[in-house]
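Student: Here is how the chains run, residue by residue.
2 protein chains.
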Amino acid sequence: MGEIRQDPTTKEWVIMAKDRAERTRDSVPERVRKDLPMYSPTCPFCPGNEEMTPPDVLSYSDEKTGRWGVRVVANRFPAVTPEGTTKRRLEDSFFLSMDSVGIHEVIVECPEHNKTPDAMDPDALTQVLMAYQERYKALSRLPFVKSIIIFKNHGPRAGTSLDHPHSQLVAVPVVPTETRARYEVAIRHYDDNGSCLYMDLVRQEQDSGTRIVMESNGFVVFHPFASKYPFETWIMPKKHEASFGNASQGDLAGLADALHNTMTKLRRAVDNADFNLVLDSAPVGDEGKEYYLWHIRIIPRLTEIAGFEIGTGIHINTSLPEETARAMRDA
Amino acid sequence: MGEIRQDPTTKEWVIMAKDRAERTRDSVPERVRKDLPMYSPTCPFCPGNEEMTPPDVLSYSDEKTGRWGVRVVANRFPAVTPEGTTKRRLEDSFFLSMDSVGIHEVIVECPEHNKTPDAMDPDALTQVLMAYQERYKALSRLPFVKSIIIFKNHGPRAGTSLDHPHSQLVAVPVVPTETRARYEVAIRHYDDNGSCLYMDLVRQEQDSGTRIVMESNGFVVFHPFASKYPFETWIMPKKHEASFGNASQGDLAGLADALHNTMTKLRRAVDNADFNLVLDSAPVGDEGKEYYLWHIRIIPRLTEIAGFEIGTGIHINTSLPEETARAMRDA
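Line by line, the protein sequences are chains A and B. Heads up: the first sequence begins at 150 in the working numbering, then just goes up one per residue. Heads up: the second sequence begins at 150 in the working numbering, then just goes up one per residue.
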């Protein structure tokens, strides 16, 4: 018999239905597989094509080559733009809207067009995380910015439009409804227990051990109890800090190490599948709060969400995190 | 400049970023296109293969052929099963779970393996909707059932596993968190205004007219103000009724007509794209409530959700509903 599990961080239910993985299928979405070159003349993120993007917002040089190793530029097709105000408009006394004011940047992670996530070494990843944080801190200071979302889309099923390894940062003038919900659950837990929900979660996962993928000095990598997606992987720091902006240089190096190991295991376990990576952090202005913990979520896109998920928000997961975590440990 | 719009039914923000549709792409997920036969010998839903499924829960005969026209059977690979209880288990004083008790059924919509949604005529669709409702009513009476979700996945990008036209019904022992949130917004609106949010929304859309796709005697079809997906289409009854279970025979015939027209327009506007269809209804036991309205949402799967959507719940929509509604009106 299957289980319905509750995500302790959102109170959302997830249906665990392992037997459903066995169902017959007439067709599955094609996996797009491409052999990419190390350099693509038409790629705006490849070295030598810098004039195809807006100018650098930030760049770190690669000590070995003397050229750039990581670059941050404005997104040429931004979801939000710096113009406008956060004044709300009420149309027909019913519909609420505002200017889509914000900042949308791209972090080009490396010069190589075809580098896979597992091929990024910890030093290179540390540079990427430092770029994330430098921009995170700078944008936190803009008065209209309420949330900063850093994410990576790897592969077409994960919604990426360009193959060259890159992440994105979007600073928006609102706190997302989902973040608010997550936040309220964390506050309620803090009120009831006097402790951070996420720190308690990390300790629970360590004690149980069954869903742990790996553990390093600073970080715990695990498959959450109520995983919505097969091989969904969370990376949490062991040291309390609500905001990614306040992570130390040592934390970033530790995270780079955990990320590198996770990507290597994902490559082995699910063959470098398309994935999304999201960095969760407390909203701007809540950096000092005791009830939140910044962390990383990685969502491999092995299955499609369907009408049930879209209609209810309840996911049906055909893998058990205890089993996928074991597969990752062994990978 | 783009806009951030708020969905009045959920208070969720959606970023409208039309210019982002112009972005260059290295690759897009393959559209799987198949020429299907009218009959497939290996399809469990084709006539003659009835022994490949569990026995009929319900079937309506086709007056012309004398054979079945619509069949309802238990899902062979169910997400939830009738065994178990709704008793919650608390593991390590931290993780909440329960048996995945529930009912998961499949509604086989027609005998033909290759019938496209726009090819279903209103009479045939009425029969499908009657089957939905008969099962909805029957399952509402089971003591453990709190919500009944009826949905359809059309095409591999929408998560379907079998090509033969079918819908699904899942009766679950919980109210989804998202339904609760939607519900709370509706109750708040009712408290503030003394009227049903959804009925007010229908009137607002009728008054504005810019997002209307079509209108019939009983139903209004429109693209919502804060559409999360391009060509997202909502169908709402003009007559107040919280629960789909209480829709009249005339309502079902009217909905079949609106659905047929919508599917024809979708076929012309977006070339029979993969889509999900979801039927929203008040939770079981709340059939008489004045603040909710049952309705249909159709989500064409033209774009992939990516890290930003997964991380925040905020969707970035590259189409304006005013423009897609016009395209649908003209289609």
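Among these hints, one or two may not hold up.
If chains are identical, the list can't say which one is meant, so a pair holds when it fits in one copy or spans any two.
[Stated by the list, open to error] Here are the simulated DSSO-like pairs of lysine-lysine, each with C-alpha atoms no more than 30 Å apart in a straight line: (1) K295 x K160; (2) K160 x K236; (3) K387 x K236; (4) K236 x K388; (5) K213 x K388; (6) K438 x K160.
Calculated from the structure, these hints are not laboratory results.
Student: With reference to the structure, classify each hint as holding or not holding.
Tutor: Structure-based check of all given hints:
1. K295 x K160: Classified as both: same-chain Cα gap 24 Å, cross-chain 17 Å, threshold 30 Å.
2. K160 x K236: between (32 Å within a copy, 16 Å between copies)
3. K387 x K236: neither (39 Å within a copy, 33 Å between copies)
4. K236 x K388: Result: close neither inside a copy nor across copies, 38 Å intra and 36 Å inter.
5. K213 x K388: This pair counts as neither: shortest intra-copy Cα distance 33 Å, inter-copy 70 Å.
6. K438 x K160: Both, since 21 Å and 25 Å are each at most 30 Å.
In terms of the numbered hints stated before, the structure departs from hints 3, 4 and 5, listed from lowest to highest.
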